Amino acid sequence: MPNQRQLQKSQTRAKVVDVAMQVYAEQNLSTSTLAVAKAAHVSHGTIFAHFPTKDDLLIAMVQQVCTPLVTATDAATSLPDFLQQHIAVLTKYEALYRRFISEQDALPAAAKQVLVAAQATVAVHFQAALATTSVKSIAPGLLFNTWQGLVQYYLLNSEQFAPTGSVLARYGDTLIDTFERLIS
Amino acid sequence: MKKCIACGMPMRQASDFAQGNPDLDYCKYCTRPDGRMCSFEENQHRLVNLMVKTQGLDRAVAVAQVDASMRQLPAWQAHYQEEDR
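So the protein sequences, as listed, match chains A and B. Heads up: the first sequence begins at 16 in my numbering, then just goes up one per residue. Heads up: the second sequence begins at 2 in my numbering, then just goes up one per residue.
Treat the hints as calculated values from the structure; they're not laboratory data. Take the hints with a grain of salt, since some may be wrong.
[What the hints assert, rightly or not] Computed footprint of chain B on chain A; a stretch qualifies when at least three of its residues, placed anywhere within it, have a C-beta under 8 angstroms from a C-beta of chain B:
hint, stretch
1, 28-37
2, 125-138
3, 167-181
[Unchecked claim] Between beta-carbon pairs, the in silico distance windows are:
hint, chain 1, residue 1, chain 2, residue 2, range
4, B, K3, A, P83, 18 to 28 angstroms
5, B, A15, A, S47, 16 to 26 angstroms
6, B, D35, A, Q26, 18 to 28 angstroms
7, A, D33, B, Q14, 27 to 37 angstroms
Since the structure is predicted, the reported quantities are computational estimates derived from the model, not experimental observations. Don't be surprised by glycine CBs; every beta carbon is placed ideally from N, CA and C.
One chain only, chain A, in its complex shape:
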């Protein structure tokens, strides 16, 4: 059982990641860790005590988004369920996920690797969900990429589709319905 000090340490770490996710989602991935410290009301030294470099903080943020993406899609029992679970997690982390895909070059190699590995696992879960239903005879990779392309196009061009608010909250159901009708 963790002692009081360990508990406090892990709470501070979680708080730093949580605030960093908000700050980087609102600003961009080039934002300094000093801005995170100010927003979290902790010293800059506290950030470095938990994350020796900014890259370590970026890796933790990517993991924080990728873990639920992998877990939720793994639990999907059908293709519609997969699509809904996928959209639900992406909607929750929409602004930050958009940064991850639009500013990939600002991510360290280890964070990119986490994204790539999560994408590969989500693709396998997509294929498992596909097997539960009857769809057009199209290569699974192309079906997955078509879904990804649809979602990412709306994410990357959200200003044109939903200038205010979440583009996935507004169009998620439409994208799911359209994709299902396209492939069945």
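Mind docking chain B on chain A? Use the hints.
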């Protein structure tokens, strides 16, 4: 929850494990017909094919991505230590 030492897949139920045996450290996909764990090359081949199939990746890119993933897995540490020497 245990993860397969050879591919990283989470193993939640007995049927996910090799031979349906939760005492083993590898999954049903990383198992040879005789029950032993697949070799490095067999696993690499399977995972590369899976990536090409599920994401349509260029094979050389898939090989590099699988290599980066396998480097993190416990089953292949000795292999990479030998390779990096």
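Going down the list of hints, with the structure as the test:
1. 28-37: Per the Cβ count (0), the hint is violated.
2. 125-138: The restraint on the stretch 125-138 of chain A holds, since 6 of its residues have a Cβ under 8 angstroms from chain B and three suffice.
3. 167-181: violated (count 0)
4. K3(B) <-> P83(A): 18 to 28 angstroms: At 20 angstroms between Cβs, range holds.
5. A15(B) <-> S47(A): 16 to 26 angstroms: Because 49 angstroms falls outside the window, the suggested range is violated.
6. D35(B) <-> Q26(A): 18 to 28 angstroms: 49 angstroms, violated
7. D33(A) <-> Q14(B): 27 to 37 angstroms: The hint (27 to 37 angstroms, Cβ to Cβ) holds, given that D33(A) and Q14(B) are roughly 32 angstroms apart.
The earlier numbered hints that this structure contradicts are 1, 3, 5, 6.
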